Amino acid sequence: MVKFTDISEIFASKEKRTVHIHGWLHHKRSSGGVQFLLIRDGTGIIQTTLKKDDVPEEAYQQIDRLPVESTVEIEGTVKEDERAPGGCELSIHDIRILHEVKEEFPIAKKYHGPEFLMDHRHLWLRNEKMQAMLKIRSKILESSREWFLSHGYIEFQSPVIITAAVEGGSTLFELKYFNRKAYLTQSWQLHAEAAIASVGKIFTIAPSFRAEKSRTRRHLTEYWHIEAEEPWCDLKKTMKVQEELVTHVLHELAKDLPREMEMFGRDPKDLLKIKPSFPRITYDQATEMLRREGVSVAWGEDLTWEQQKVLSFKFQTPFFITHFPKSAKAFYHKPDPERSDVTLSDDLQAPEGYGELIGGGQRIHDLDELLERIEEEELDAKNYRWYIELRKFGAVPHAGFGL
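Position one of the sequence shown corresponds to residue 354 (our numbering), numbered consecutively onward.
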């Protein structure tokens, strides 16, 4: 039985040897009796060369006519060549067609608008940049989970169908659930606060849903959330967790996926320079900085993306904005004991105009204080019965965040 070698393994060793590979014909060109075939197998893309003199004329012409995205098996010899992508190529001895595409692949090597690409997303995933994005996404999730587990966190899953809003009712997806109303979760946070009294500090990697009214790249209706919650934790401690987690993830991306990061304009060396602790400014300081830049801002409102963007160019690394007004945060954020109109909350912002990465903070653990905030926000306490009950049985200071 033929043993096939992953393309990534070929690049890792670059050892001169005969190998068998299989994959999709990603791209091809010919010059002077040589066909250059880029083959993709999911682990990488390698250049292979087929010389006219090495195969029968009929076979050479058949490969010359072969459409992209057809699948093939190849036997060849690995040789180093700095001109080739990845620094090596495969000289073909034998090639076998497994599946010949019968029509032109709809995504050509030219500009396509976003609408066209979204209509063909199932095929667009094969694009090299999309491949890189999926690998980066996978590494972010892997390294996040790795960091949490190595720091004693338990992975905890919460319900996706919920009965009350976490982040405000205007962005809830409502469902018909037997004879009562239910919603798709906006965050695991309320359920996480129940679980910390059982197993201590916890994290999750799970989908969240927001019925956003805007159709922009910054307003997703579905996304994957990395969230954490910890008992005996305050604002200062949860911010330390956030910056250590983000630093770990960035360093893992730089070390394990340098080529993919470079495809998105990121120098891995710059990512490795990022280290805690990140700069910190308060909401009051942020609004003052904006006013000095001539940006209008009303105290008490959450910062818009445009305002965040202006602030982000003041920093070279991720940075925190803390102590948001009560009116700008959800009801469960704990008011600052030293100043009741602001909360013990934080947003971790990315530099270069990318905006908010993380929202977090300390939660209210006092029963009377929580009931007061629910009343202030004109929420129905019946919808939060079990959440309120948590404060009656061993409530402790706790904090968390969502990325």
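Worth double-checking, as some hints may not be accurate.
To be verified - Here are the simulated DSS-like cross-link-like pairs (lysine-lysine), alpha carbons at most 30 Å apart as the crow flies:
#1 K367 / K381
#2 K405 / K492
#3 K432 / K369
#4 K529 / K381
#5 K367 / K455
#6 K529 / K589
#7 K590 / K432
#8 K381 / K455
Unchecked claim - Derived Cβ-Cβ restraints for the label pairs, each shown as a range:
#9 E411 / E565: 56 to 64 Å
#10 V387 / G466: 49 to 57 Å
#11 W585 / G466: 35 to 43 Å
#12 K463 / E641: 43 to 51 Å
#13 Q669 / L487: 53 to 61 Å
#14 R474 / S551: 24 to 32 Å
By construction, these hints were calculated from the structure, which means they are not laboratory data. Computed from a prediction, not measured in an experiment: that's the story for all the values here. Here a beta-carbon is modelled for each residue, glycine too, at the ideal position from N, C-alpha and C.
Here's how the hints hold up against the structure:
no.	hint	verdict
1	K367 / K381	22 Å, holds
2	K405 / K492	41 Å, violated
3	K432 / K369	5 Å, holds
4	K529 / K381	52 Å, violated
5	K367 / K455	34 Å, violated
6	K529 / K589	41 Å, violated
7	K590 / K432	53 Å, violated
8	K381 / K455	17 Å, holds
9	E411 / E565: 56 to 64 Å	57 Å, holds
10	V387 / G466: 49 to 57 Å	35 Å, violated
11	W585 / G466: 35 to 43 Å	52 Å, violated
12	K463 / E641: 43 to 51 Å	48 Å, holds
13	Q669 / L487: 53 to 61 Å	28 Å, violated
14	R474 / S551: 24 to 32 Å	40 Å, violated
The structure shown violates the earlier hints numbered 2, 4, 5, 6, 7, 10, 11, 13 and 14.
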